[in-house]
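J.: Take a look at the letters that make up each chain.
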Amino acid sequence: MATLHLVSHSPFTDSRLASCLRLLDSDDALLLMGDAVYALCNGTSFREELESLAASISVFALTEDLQARDLTQTLPIRVKSIGYPEFVKLSCHYLRINSWL
Amino acid sequence: MKSLLVEGKLIQLDPEGYLQSLDDWSESIASALAQGEGLILQPEHWEILLLLREFYQEFQLSPATRPLVKYVALKLGTDKGNSLHLNRLFKGTPAKLAAKLAGLPKPSNCL
Amino acid sequence: MARSMLIITRHSPWSGTSAREALDVVLAGGAFELPLGLLFLDDGVFQLISPQHPSSIQQKDLTANLQALSLFGIDELYASNRSLAERGIAADSLSLPVKIMQDDELTALIKRYDHVITI
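Protein chains in written order, with the UniProt record's numbering: chain X, 1 to 101; chain S, 1 to 111; chain Y, 1 to 119.
Calculated directly from the structure, the hints in this document are not laboratory data.
Predicted, not measured: the structure shown is a model, and the values here were computed from it.
Glycine included, C-beta positions come from ideal geometry on N, C-alpha and C.
Errors might be hidden in some of the hints.
Reference excerpt, derived from the structure (chain Y facing chain S, CB under 8 Å, subset only) [stated by the list, open to error]: (1) GLU33; (2) ASP61; (3) GLN67.
Given only the sequences and the hints, what does the whole structure look like? Please build it.
T.: Put into structure tokens, the structure is as follows:
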């Protein structure tokens, strides 16, 4: 009964990601896109928090948004970089999608 | 711009015939609007129109059918707060037509 | 059977149109008799403060609109305890009868609905 959470706003200007992280369930998944991928910058508390999430929570980031921001080299091991076709597959796989608009 | 001439005063209407301004409303305007809809207002119409204006004062929006029915039932009892009665009074579209005659904006949640 | 929906509203009444858009989704869903819940999260809890004085900035009164929720059949109302506490808002001062929930209760709440929309 898991939820896929989509977050696309920078965690440094806005509380969407912080709130989302608090409400994640152990079998949920999180897809970072747009400016939300800045959460993966080295040395930030958000990166640390994402790395320490329970292993049962899948964390994805959209490849194109990582590339645009030059973040592909430093991706944490537990974060999977995915393209749009996989995004579509993920959307079908989860029971509900919570877009943090 | 649509308009309506009542007692020598020109009242502005929106493209669908709703009053532009809530404050323009008067009983003679309601009667004129009703006439345009082929309706002659009876006491049983008036009590609903006045209630709708109270609803708008309280909630600042025009109700869709379901909340309208509930509100009328709450204030006037279920004899009047039921869709059969309200449909009969307002040609089957009570939320839209009664809002128009009461001078309220078109209910936005009535699709 | 109609699919249930939880709307999470997380903006103050005064930051653009988000709070009103969330309410419009809820009222439209209520008019269709969908089983709906409404959760006030983050700055969304500022919508629950009463009174507010929207006319001083030429805006419409969202608080008045919110009072119509029960007439639209929306009785499942929730607020985040953390969001209220962070903003110094007392639970007994709210303009709606919301159920106040902890983070783990909110996680479980989301799972009770078929759809979730966060605005």
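J.: Take the hints in turn and mark each one as holding or not.
T.: Going down the list of hints, with the structure as the test:
1. Hint status for GLU33 (chain Y): holds, given a least beta-carbon distance of 7 Å to chain S, under 8 Å.
2. With a least beta-carbon distance of about 5 Å to chain S, the hint placing ASP61 (chain Y) at the interface is held under the 8 Å criterion.
3. Annotation: GLN67 (chain Y) was flagged as interfacial toward chain S, and the flag holds, the nearest CB pair being 6 Å apart, inside 8 Å.
Violated hints are absent here; each numbered hint is respected by the structure.
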